[in-house]
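Protein chains in written order, with this note's numbering: chain V, 46 to 353; chain D, 46 to 353.
FYI, nobody ran anything at the bench for these hints, they're computed from the structure.
Hints should not be assumed to be uniformly reliable.
No copy is singled out in the list; a pair is fine if it fits within one copy or between any two copies.
List time: in silico EDC-like cross-link candidates among lysine to aspartate or glutamate, alpha-carbon distance up to 20 Å [as the list claims (entries may be wrong)]:
#, residue 1, residue 2
1, K206, E246
2, K231, D251
3, K277, E246
4, K68, E175
5, K273, E321
Note that this is a predicted model, so its numbers are computed, not measured.
There are 2 protein chains.
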Amino acid sequence: MINKLVENIKRTGAPIVVGLDPKLEFIPEHIKAAAYEKFGETLEGAAEAIWQFNKEIVDKTYDLIPAVKPQVAMYEQFGVPGLLVFKKTVDYCKEKGLVVIGDIKRGDIGSTSAAYAVGHLGKVKVGSREYAPFDEDFVTVNPYLGSDGVNPFIDVCKEEKKGLFILVKTSNPSSGEFQDQLIDGKPLYELVGEKVAKWGEDCMGDEYSYIGAVVGATYPEMGKALRKVMPKAFILVPGYGAQGGKGKDLVHFFNEDGLGAIVNSSRGIIAAYKQEAYAKFGPENFGDASRAAVEDMIADIRGALENR
Amino acid sequence: MINKLVENIKRTGAPIVVGLDPKLEFIPEHIKAAAYEKFGETLEGAAEAIWQFNKEIVDKTYDLIPAVKPQVAMYEQFGVPGLLVFKKTVDYCKEKGLVVIGDIKRGDIGSTSAAYAVGHLGKVKVGSREYAPFDEDFVTVNPYLGSDGVNPFIDVCKEEKKGLFILVKTSNPSSGEFQDQLIDGKPLYELVGEKVAKWGEDCMGDEYSYIGAVVGATYPEMGKALRKVMPKAFILVPGYGAQGGKGKDLVHFFNEDGLGAIVNSSRGIIAAYKQEAYAKFGPENFGDASRAAVEDMIADIRGALENR
Chain V
46 MINKLVENIK
56 RTGAPIVVGL
66 DPKLEFIPEH
76 IKAAAYEKFG
86 ETLEGAAEAI
96 WQFNKEIVDK
106 TYDLIPAVKP
116 QVAMYEQFGV
126 PGLLVFKKTV
136 DYCKEKGLVV
146 IGDIKRGDIG
156 STSAAYAVGH
166 LGKVKVGSRE
176 YAPFDEDFVT
186 VNPYLGSDGV
196 NPFIDVCKEE
206 KKGLFILVKT
216 SNPSSGEFQD
226 QLIDGKPLYE
236 LVGEKVAKWG
246 EDCMGDEYSY
256 IGAVVGATYP
266 EMGKALRKVM
276 PKAFILVPGY
286 GAQGGKGKDL
296 VHFFNEDGLG
306 AIVNSSRGII
316 AAYKQEAYAK
326 FGPENFGDAS
336 RAAVEDMIAD
346 IRGALENR
Chain D
46 MINKLVENIK
56 RTGAPIVVGL
66 DPKLEFIPEH
76 IKAAAYEKFG
86 ETLEGAAEAI
96 WQFNKEIVDK
106 TYDLIPAVKP
116 QVAMYEQFGV
126 PGLLVFKKTV
136 DYCKEKGLVV
146 IGDIKRGDIG
156 STSAAYAVGH
166 LGKVKVGSRE
176 YAPFDEDFVT
186 VNPYLGSDGV
196 NPFIDVCKEE
206 KKGLFILVKT
216 SNPSSGEFQD
226 QLIDGKPLYE
236 LVGEKVAKWG
246 EDCMGDEYSY
256 IGAVVGATYP
266 EMGKALRKVM
276 PKAFILVPGY
286 GAQGGKGKDL
296 VHFFNEDGLG
306 AIVNSSRGII
316 AAYKQEAYAK
326 FGPENFGDAS
336 RAAVEDMIAD
346 IRGALENR
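Please put together the full structure from these sequences, using the hints given.
Written out as structure tokens, the structure is:
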């Protein structure tokens, strides 16, 4: 799957991922009104609004982008109806040829991590049958529990040719509270980065490992350092746009080959119609606003990479 | 909800929690056969088997115990049908008067943590209506992202009078890989423990804070140290029984009042009928085996507390 991700990036020339994090406040009123008309102001109604919103954004952007990253929390908050639409979104994006990164940030002790791995990346056995319940291509994983929390995910990735992005340095303001603490003069995130490089060694695709890392766009200096610590790891970079990251800050997350990183934008793309720059599209053409925002984001990052 | 947990513990005299982590391999063949007969060897069939298994264990133990801890991964691995039964289990246990600790180990950046918090502990708004999607009483939270990943959970707890158990030192063998790293001579888990104490300060129930911690039974010395760092935090202690912890190792997780800790056993209770000690019950009476195992666990821990 790492090879497909690299291929998709080369084909589109766009090292970006669209974060499908559909808060209800991002969804235009006419979409919500139609969904509530059909299902009432219920969890099912909310889920239907999310589905219609996602579908339009995917339809309007899929040819420009290599991947999407649905944030499961935004679905899980609507309970089971929300998770049904999470699954529907995963399937639809895969049909469109997109690589799907499930942003699930799971992580537990061995046998429990194995259950998450099977549920999201692998196949679960029921009697003599097998099922792939959520079936994303990549997932994000929290490393706080150490190797035996991560290894069950890696085992499933090896079997299924899928991949991980392991949280190393997150994009939020207080990420440093624990992640930046110095251990023998070295920050914890670097220690985790070293582990990611190690875990990834025997998980190589053609050019990159399928064990990647999450490093926030909001910490470009750390991205530069971590790029060297994990030369073969793909870095998923959240925090572009709404959280403050810009293309020029991100060049050091990439290798010299122009690969090795994929930059996520969620709100900046999916709620583009709410920004002044794209207001002309109006809520009814929110998908076109998202397309324009994708084009601008690609130009920003491509420009920065060309001029580095 | 921390007050209800304390009341339930005092009433039952049992500072224990039964982990409802129903792997299919734990479920007796006759339960699975009946479920597959009805729904086939499908995700729905697996979910039905889990439900019948859980129900019997709860029916046979609820009067002895204060709380249950369903591990969501064991349900999530069966996709949406599994999550429907997670919810059904939460609701059933609450009807029986049990405190329900959702072992979800979620944690993300601010607005995403808020979505998890709302989905599992709070209420989500859809238009003019509100819904409580999963509605557990407590959840477990991963602190790797720092305060702004944890605070949204705390906010919902304050509003809903619910609570958290934050991962401090987990029970698995490799938990030390990151958690034990020394920062200015102090291990990371202790730093996290200090934060838990701090977060908990303005979240007090009558005797204890509703911001608790997870500390593995497999690390009794660390439990002893952390007990002092977080005097008002309830400690959820996994790792008893199958993972190796024994009653006498656990006394220092408790305060002098005999409170302040709640010890989890999952496999040791729910798959008791598979152990030699309870084999006489046979698979058909697996619920009675679980009841006997609960009685033995209570006696072990109570004995250890009386003799300390």
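We went through each hint and held it up to the structure:
no., hint, verdict
1, K206 x E246, "within (15 Å within a copy, 47 Å between copies)"
2, K231 x D251, "neither (31 Å within a copy, 42 Å between copies)"
3, K277 x E246, "within (8 Å within a copy, 44 Å between copies)"
4, K68 x E175, "between (33 Å within a copy, 15 Å between copies)"
5, K273 x E321, "neither (38 Å within a copy, 53 Å between copies)"
In this structure, the hints that do not hold are numbers 2, 5, in rising order.
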